[in-house]
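Student: Here's the letter readout for the chains.
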Amino acid sequence: MDQAEKRISEGSAYGRGPQHWDREITEVGPGTPCGEFMRRYWHPVAVSEIVVSRPQNVRILGEDLILFRDGKGRVGLLYPRCAHRGTTLYYGKVDEAGIRCCYHGWQFDVQGKCIDMPCEPDNGARVREKIRQPWYPVEELYGLVWAYMGPPEKKPVLPRWDVFENLGPNEKMVATGSSTGAGGDDTVEIVPCNWLQDWENIMDPFHIPILHTSFSGVQFVPEMGIMPDVTWDHTELGMRYIAHRKIEEGREMDRVTLALFPHVRIVPDVRLIEGTAQRIGWVVPVDDTHFRLFHAARVPLDWKGRVPTREKPWSEMSEQERQDKPGDWEAQVGQGPISFHSEEHLASSDKGVAMLRRLMKKQIQIVREGGDPMGVTFDPAKAVNKVEAGNFYRSDAVTA
Amino acid sequence: MDQAEKRISEGSAYGRGPQHWDREITEVGPGTPCGEFMRRYWHPVAVSEIVVSRPQNVRILGEDLILFRDGKGRVGLLYPRCAHRGTTLYYGKVDEAGIRCCYHGWQFDVQGKCIDMPCEPDNGARVREKIRQPWYPVEELYGLVWAYMGPPEKKPVLPRWDVFENLGPNEKMVATGSSTGAGGDDTVEIVPCNWLQDWENIMDPFHIPILHTSFSGVQFVPEMGIMPDVTWDHTELGMRYIAHRKIEEGREMDRVTLALFPHVRIVPDVRLIEGTAQRIGWVVPVDDTHFRLFHAARVPLDWKGRVPTREKPWSEMSEQERQDKPGDWEAQVGQGPISFHSEEHLASSDKGVAMLRRLMKKQIQIVREGGDPMGVTFDPAKAVNKVEAGNFYRSDAVTA
Amino acid sequence: MDQAEKRISEGSAYGRGPQHWDREITEVGPGTPCGEFMRRYWHPVAVSEIVVSRPQNVRILGEDLILFRDGKGRVGLLYPRCAHRGTTLYYGKVDEAGIRCCYHGWQFDVQGKCIDMPCEPDNGARVREKIRQPWYPVEELYGLVWAYMGPPEKKPVLPRWDVFENLGPNEKMVATGSSTGAGGDDTVEIVPCNWLQDWENIMDPFHIPILHTSFSGVQFVPEMGIMPDVTWDHTELGMRYIAHRKIEEGREMDRVTLALFPHVRIVPDVRLIEGTAQRIGWVVPVDDTHFRLFHAARVPLDWKGRVPTREKPWSEMSEQERQDKPGDWEAQVGQGPISFHSEEHLASSDKGVAMLRRLMKKQIQIVREGGDPMGVTFDPAKAVNKVEAGNFYRSDAVTA
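Those protein sequence lines, which keep their order, are chains A, B and C.
Counting in this note's numbering, the first sequence runs without a single skipped number right up to 1004 at its last residue.
Counting in this note's numbering, the second sequence runs without a single skipped number right up to 1004 at its last residue.
Counting in this note's numbering, the third sequence runs without a single skipped number right up to 1004 at its last residue.
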């Protein structure tokens, strides 16, 4: 082989080492570093209005659970296999008092307390107290059901958000659990890749002019095709970027986007409509290789729903159409079930992604050492977070 | 966290240990404790009438096998991969003498003896004798094909049952392999959970008033909703329960049900029709996470089939209908592929289940130590077992 | 058990040891003995005419890759996950210069060189050179795209074949990637079993009179039912068999078939049309449990395609029809995902299979010791191989 050939053969795919992902920041099962970090926060697990008496299966942080609402309106989130003989409570029946297993009729309230054992003497009065169906505490807020799946003694206050408080008479909250914000559509809830691929994308303003504009045609607005000047910095609850664009003659816009722990995403209006973001998203891990999005938004009473960013709903696109006009789904699911971090080459435009990962590793370390990570508070007086994201013309822009 | 909160947080699903099943009494593959125990008995593997010359795949005790009937009416049960070059005998052709592999034409009789090698000199006359396709002995009885898959020197007598002997001129035997008795229907043969979940359910009379009556509506008869007084005891071949009910004014019924080793279930008529059980079932492990049922019954010549216990065949029910009216399928498959015994809480009404498991562990230990477990006999004079199960009014009831 | 019974019970399927395959000659992933041996040769990976600008996924030797043709007609075969952030290049767009990732627009040429980074300052001019998308060299020949996936410094000359050189004005080359030659049909490309099951079948002339004639009816020509006299011997590039048949009164035919390293199969016309083989096949491992066939053939300009060997296309046959008339697909896929060599009993008619395996083990050993296996040459002057396969009447037969 002469020198010219040698040069050509450089970079061969032959003989490469094993590929792997960074397990510390991706895997969320019980006992994993990231899983224990995640379990120090509240997670949305369902849109409130779909939680009814009929039990449903939910999977979250790698755990299968049963979700239902009892006859008094209380929501229960229980370990699925009945504490008696292990039949799933998915086939249970719910009444005022709680859920009853189909097999022998043991009944549990929303906190897992066993309140009936119809096949035992005196309905189990003497033994019931010793039985507890494993359960997690839940709350309802902003149209979503929230669960806390961590150590009981570390249960924080459920965060509130200033932009969702004090609704006026012509306003309402809407909550959704669709994959639209991840490039899917309203018919799809679960996205088949690791949650971090979606969340760190929030700190990546540079894919917008490419993926969403020049590559696939304008998915948002033409101005998003302008390559921004970007600064990233830490905030009290996580981090943000400020993307500065010269929009039109004499006008300059700062687009401020937030990624807050553990998986909050606050993305200002993608059509660049001016003002503070009125919509918050949460990237909830279903397990290591699936996630789902929940969103809550403050909207006018007569709001008609979001304007689609694609010509056709994702689930109706052919494989060829997805190749021609890929969106977030293709870019992020296209990174694989869990992206191989060993194969990456981060560049200057990936600064936000690198910062976010470092900051998350720091939080994970804090949890490991017994501390409380960013954004966790036990003081109800500090429950309301301030949302400083939005599209702002320079005159009123946030100072970087 | 104050004391009230502390109390509420008890029983959290957080931080639970690993879940597991009792492998000793559930797993049936070659060389496992339960598998070796199982291999000391005969197992039904097919209904006789469907065993024809066309080879079919069967899976039993975790082993894949080929089943066929040769031109002389003999049934063969062979290891599937041809002893020559490993092509499955599923593509073989059967004639008077045996089954011939499609690839190079080696032919084997029902005992695996190689009787032709058409590509070898003199049809392999000099080498054929050294070749044996691995095989299992089979017998036919009561309309079923039975196989013995254990050590050849330990092959017991194939059990017979007194209630199936000496049929009158207006009687016949019927045999089925449907999942109806496990809550399925005639279109489904394989149930996707561990065999023990079905078998131990036979020693659990208390699920009948709940699952089959109060929970899902009357699936059998209203009298089954009466909570019974139950005694459980050992028998020569396994164990039984006697469930005593005050059926109507002045009349009391004893319902006697048997679970005999290794997986025999003798369940009296579920409509409480009086008399000795005329029907026997076998809960045959397909592998660790699937089983199938075989049944044989003595019936009148003009018998029209069993009365369905559900309004709609199981395979035609929607998921929602199965949630509304679950049956044995939902309760037992709902325990998972193999029930997590580590998560169970057995109560007084589970005494039969606990006894059955202990008795099985004892049999497994006997086999491990070289002995013969309950119900195994090598004496043809002792082949006929007596069936003492049935629905009996107190005047003629079995004494507990 | 008396002596008669004891004899009958011999050969029981009970208590057999674990079954396994010979990993050394079957498994093809990176770093495996057979995989490293395979990686010293060129492999066809696609029919040239289907390689266009739209990227497609290909899987070969257990590696997933992206295949495309740039606007200048050059073919690229790249590691699928973008060197930047890991999104698959399947969603990339191809232009004159190369393929561009959908996510942030990094662009690579067919040799993996990074030629644009639109989100980096000055389009990444200062950092681009350090980035190389892992790639493999490809060439096009005989209507096929060939890839070399081995160590760059060991890249051999792409072999040519004398029968494909110097086409006349009324001749053309045709190339296909269908499974027809493995018993499938033109609608199926990937065969779900280990590649060796197909390749070693080439050195097995004895399955022809059975599988393809007496068992399933005449799939080729009736003369193929004549049991041949066979000799096997080594050649410069692998091995061959000569199958001698007395075809008709006074005429005798030698059928010479070649299996050349690493997976070349040269099978003369199966209708026994006289003459040198004008068609070559390659049994390309997709991974350990799948392979696909590529074929190139020299044909007359007005050639209409191959005559089917089955009455019905394979993909339209019912399971029952495949049982009634099995072909190569059933015989070889019927050996399992990877045939259990531990269960085989090779006989005198399997001499070719045994020789081929031994010869391959020798080549694998040579590669392990740093040498060059059979058929690998670095001298362009030795690129053209001579094809000495065909159906020859005795007067002009090859001397064994």
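Hints may contain errors.
Note that identical chains are pooled: a pair holds if it fits in a single copy or bridges any two copies.
Here are the computed lysine-lysine pairs in the DSS-like style, where the Cα-Cα straight-line distance is at most 27 Å [what the hints assert, rightly or not]:
1) K758 with K929
2) K965 with K986
3) K966 with K908
4) K955 with K916
5) K986 with K929
6) K850 with K955
7) K759 with K929
8) K966 with K676
9) K759 with K908
10) K676 with K929
11) K966 with K955
12) K955 with K990
13) K965 with K929
14) K966 with K776
15) K734 with K908
16) K908 with K955
17) K717 with K776
Quick caveat, the hints were computed from the structure, so don't treat them as lab data.
None of these values were measured; they are calculated from a predicted model.
Student: Does each hint hold? Answer for all of them.
Tutor: Comparing the hints with the structure gives:
Taking the shortest Cα distances, K758 and K929 never come within 27 Å of each other, neither inside one copy (45 Å) nor across copies (40 Å). Proximity of K965 to K986 under the C-alpha cut-off of 27 Å is restricted to the intra-copy arrangement: shortest distance 25 Å within a copy versus 58 Å between copies. In this assembly of identical chains, the alpha carbons of K966 and K908 never lie at most 27 Å apart, being 41 Å within a copy and 68 Å across copies at closest. For the identical chains of this complex, K955 and K916 are neighbours neither inside a copy (33 Å) nor across copies (60 Å), given an alpha-carbon limit of 27 Å.
In this homomeric assembly, K986 and K929 never come within 27 Å of each other (Cα to Cα): the closest approach is 44 Å inside a single copy and 48 Å across copies. When the C-alpha separation of K850 and K955 is checked against a cutoff of 27 Å, the pair qualifies only within one copy, where the shortest distance is 22 Å, while the shortest distance between copies is 78 Å. Within a single copy, K759 and K929 get their C-alpha atoms no closer than 44 Å, and across copies no closer than 38 Å, so neither meets the 27 Å cut-off. In this assembly of identical chains, the alpha carbons of K966 and K676 never lie at most 27 Å apart, being 42 Å within a copy and 49 Å across copies at closest.
With identical chains, the CA atoms of K759 and K908 are never at most 27 Å apart, being 37 Å at best within one copy and 62 Å at best between copies. Taking identical chains as interchangeable, the C-alpha atoms of K676 and K929 lie at most 27 Å apart only when they sit on different chains, with a minimum of 23 Å there against 48 Å within one chain. Taking CA atoms no more than 27 Å apart as the test, K966 paired with K955 passes inside one copy only; the shortest distance there is 17 Å, against 52 Å between copies. Taking the shortest Cα distances, K955 and K990 sit within 27 Å of each other inside one copy (25 Å), while across copies they are farther apart (58 Å).
For the homomeric pair K965 and K929, neither the shortest alpha-carbon distance inside one copy (34 Å) nor that between copies (49 Å) is at most 27 Å. Proximity of K966 and K776 under a CA criterion of 27 Å is satisfied in neither setting, with 37 Å inside one chain copy and 66 Å between copies. Neither within a single protomer nor between protomers do K734 and K908 lie at most 27 Å apart by alpha-carbon distance, with minima of 51 Å and 50 Å respectively. In this assembly of identical chains, K908 and K955 lie within 27 Å of each other by CA distance neither inside one copy nor across copies; the values are 37 Å within and 60 Å between.
In the homo-oligomer, the alpha carbons of K717 and K776 never lie at most 27 Å apart, since the shortest distance is 36 Å inside one protomer and 53 Å across protomers.
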